[in-house]
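There are 2 protein chains.
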Amino acid sequence: MQSLILFAHGARDPAWAAPFERLRALTRAAMPQASVELAFLELMQPDLPSVVAQQVAAGSQRITVIPVFLGQGGHVRRDLPQLLEQLRQAHPQAEIRTVPAVGEDEAVLQAIAAYCVAAGS
Amino acid sequence: MQSLILFAHGARDPAWAAPFERLRALTRAAMPQASVELAFLELMQPDLPSVVAQQVAAGSQRITVIPVFLGQGGHVRRDLPQLLEQLRQAHPQAEIRTVPAVGEDEAVLQAIAAYCVAAGS
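Order-wise, the sequence lines are chains S and D. Here the first sequence is numbered in our numbering, starting from 112 and rising by one per residue. Here the second sequence is numbered in our numbering, starting from 112 and rising by one per residue.
For reference, chain S alone in the conformation it holds in the complex:
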């Protein structure tokens, strides 16, 4: 079994989570064979260590953490690698990998640019 964890910043305002919930639903629909979960860096639950522990306990052997951040700032370049190192030590039986933040993807940026163009037209 494999897991995808969509990892977002979190905020005090509960409305913040809405697009991430929709993103999880879209990803789940496209990957029914995987477990697709949300986790937050701060201010919202669940956090990444809880979700990773739960997925490992459920038998996941390969966990991909996807930073759902537009920019790769300190959270993605410093906090996330530290978190992942701790999680790999805590769960050596699973492969825990990550990928660049979604804002690094050209197709994502093109979709955002198309939205900006429509907004200005």
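The hints are simulated quantities; they were obtained by calculation from the structure and are not laboratory data. All the given hints hold, so there is nothing to weed out.
One side only, chain D facing chain S, incomplete, derived with CB under 7 Å: (1) Thr138; (2) Ile223; (3) Cys227.
Here are the computed distance ranges between Cβ atoms for each label pair: (4) S:Pro203 with D:Pro157: 42 to 52 Å; (5) S:Pro192 with D:Pro157: 25 to 35 Å; (6) S:Ser232 with D:Ala164: 22 to 32 Å; (7) S:Pro157 with D:Gly185: 19 to 29 Å; (8) D:Gln200 with S:Pro203: 55 to 65 Å.
Cβ coordinates follow ideal geometry from the N, Cα and C atoms, glycine included.
With the hints as your guide, set chain D onto chain S.
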């Protein structure tokens, strides 16, 4: 003349700005007739009031501020409306409008979901 201002959070890490710079280049290429600028809420320059003042001084009559945020938390739902109200009072000669955050757009979420699926495959 009309202006689009791509409004992002900002971060201490200079690397944060890279996808927003690429987004500006993509949007500019698609809208050569508009002025497409970046502005940041905090930690990075230029800020929104500076960019709006500059665009108004350059003769812009219609300014669209696009929140390049995935979630609509307190920054988009509370800070941005307050900033816009101040800017409208300061620059009554221009129409200053905004649109929902980019994460509210279905095509943007679909592009991110496709990235997540590819990352997990």
